[in-house]
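The primary structure of each chain is shown beneath.
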Amino acid sequence: MHLNEIIEKLDLKLLSGEVPLQTEVLRGYVSDLMSDVIAHGKEGDIWITYQTHVNVVAIALMKNMAGIILIQNRQLIPAAATKAEEAGLTVLSSCESAFETTGRLYQLGIPG
Amino acid sequence: MNQIRISQSVIERIYEIRVEKIMRTDVTRVTPETKMSELKYVIKENNYACIPVLTGEKLVGQISIEGYVDWLTSEMGDVPVSEIMDIDFKTLHPDEPVITAVKELELIGLRGLPVVENESNKFLGVICRCTMMEGVLAVLDLDDEKESKKEYNCILNNIESVSALLTLNYIVEQKSLEYGGEISSSIRTDLYKLGLPGNLVRKTAIAAYEAEINLLAYAGGGTVTITLSSELLNMEIEDHGPGIPDVEKAMEPGYSTAPDWVRELGFGAGMGLQNIKNCSDNFTIKSTVGEGTVLIVDINMEGKCT
Amino acid sequence: MKIKELCQILNAKILSSGHLSREIKSIYVSDLMSDVLTFGREAQLLITSLTNQQTIRTVEMVEIPAICYTNGKYPEKKTIELANTKRVTILVTDFSTFQVTGKLFAAGLQG
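Keeping their order, the protein sequence lines are chains A, B and C. Mapping to my numbering: the first sequence position 22 is 22, numbers consecutive. Count along the second sequence from 1, add 1000, and you get the number used in my numbering. Count along the third sequence from 1, add 2000, and you get the number used in my numbering.
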């Protein structure tokens, strides 16, 4: 599924990057632990997290992820936002909890 | 202010507790011949309450902390205790209700009173203000199952009536962060034992837990002191760690100086202080770089005994 | 939903029983203990891939009765012991946090 379709269906807010018309989301991943994402995150993942610091952006870029969804209306800290903007990483925010955001993605057929 | 209905059974039980049940017997005693200079450590051992002076088993006098301080500031030299001790003073009997002891202490403004056997004047122990409440609570706790826990809460109203506060002290020793939460867990258990309402205990436990993690992660340990009155739970968390250079910044949600190992334990997301504040009705933080940090958390007592 | 039923959906193993008959009213998903301390509520199931003792301490404070560890991660013995003392249910499943969450959402549970 394309990322822009997910943005539309989950009513997500675009925090950084261009509207990602071409980005394909392959899987979903939920974690707030950096070591965990470094170990298990994969290319094409959409990463759902509560974390907002610079390492989140760094890891998403390193893993070549499709994008990040911050839950509960969280915002990246300024240094992380700058880094995401520079690298063109799609960062989104959801007003819902990790449970609801993930649940909806799962119902759209995104595998984990 | 005091709109809470105190359960009759709790009041009755508090009145039923006798002095002998909660007196301290582990106090250090001296004789009339003991030199005043030797009292320095005894005062501390006896929790600054009073020092009983005995001839054989018989109580013949007492040295109060006030009497000791008077001697210190006088120029009497190292005289024997018999020259300084009070001879005419109030004593308690083992079968008197604790409430009488409370009133006596309040009335004469003393920290402790000796307990003697009714006729013989044989010394039995000491009631001291600082350990009295613990004693009362310990006695009530023996019958934990029988009573509805919430009723113990009403003890606080009795404490208020004698303007004595209940203080709980905890030490957070420097250990691996893995053990973080042990102290907060005891705090939580103790507060429930006191019959405080769940909502208040939860807020206190959460604030204590975040603070405990901070103490272990950044400050090399510290202390937690909880003072309960009928209106307020006051919790002071103190450390002698490195201090926080920019408190305002540290309070910002998401701001964190946590190293990765703290983050990997599920903390360090820059929410701790904010979370403590959210649990408080009044929150203050004082920090001096190189000296340490003091957090003061006040939580209002609400819905007591309901 | 009863913890037993959750186990079936998640193909989970019970490592510490706690109160198995407890009714789970909602789900919270997080690996951040401060987050759980802020938003966690009674009668929730916590889904996390963090398996240390702090997870047990945290749920104790907010009175969450059960935890599900994901990604096939097994907690240390000490964590299980602590959970037994505190009467916290521990479930472990091989599914990822994403999969566990999705399955429970699809089963009609609330956040």
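I should point out that these hints are in silico values taken from the structure, not numbers from a laboratory. Glycine included, every Cβ here is placed at the ideal spot set by N, Cα and C. Any given hint could turn out to be false.
Said to hold, decoys possible - Restricting the straight-line Cα-Cα distance to at most 27 Å, the calculated cross-link-like pairs of lysine-lysine (DSSO-like) are:
(1) Lys2077/C x Lys1175/B
(2) Lys2103/C x Lys63/A
(3) Lys2073/C x Lys13/A
(4) Lys63/A x Lys2077/C
(5) Lys42/A x Lys2002/C
(6) Lys2073/C x Lys1175/B
Claimed, not checked - Okay, the calculated beta carbon distance ranges per label pair:
(7) Ser1074/B x Lys2078/C: 57 to 67 Å
(8) Asp1078/B x Lys2078/C: 48 to 58 Å
(9) Phe2039/C x Asp1086/B: 30 to 40 Å
(10) Asn1234/B x Gln72/A: 39 to 49 Å
(11) Glu85/A x Asn1199/B: 23 to 33 Å
(12) Tyr1192/B x Leu21/A: 21 to 31 Å
(13) Asn1278/B x Asn55/A: 41 to 51 Å
(14) Asn1199/B x Lys2002/C: 18 to 28 Å
Violated hints - listed by number, lowest first: Violated: hints 3, 4, 5, 9, 10, 11, 12, 13.
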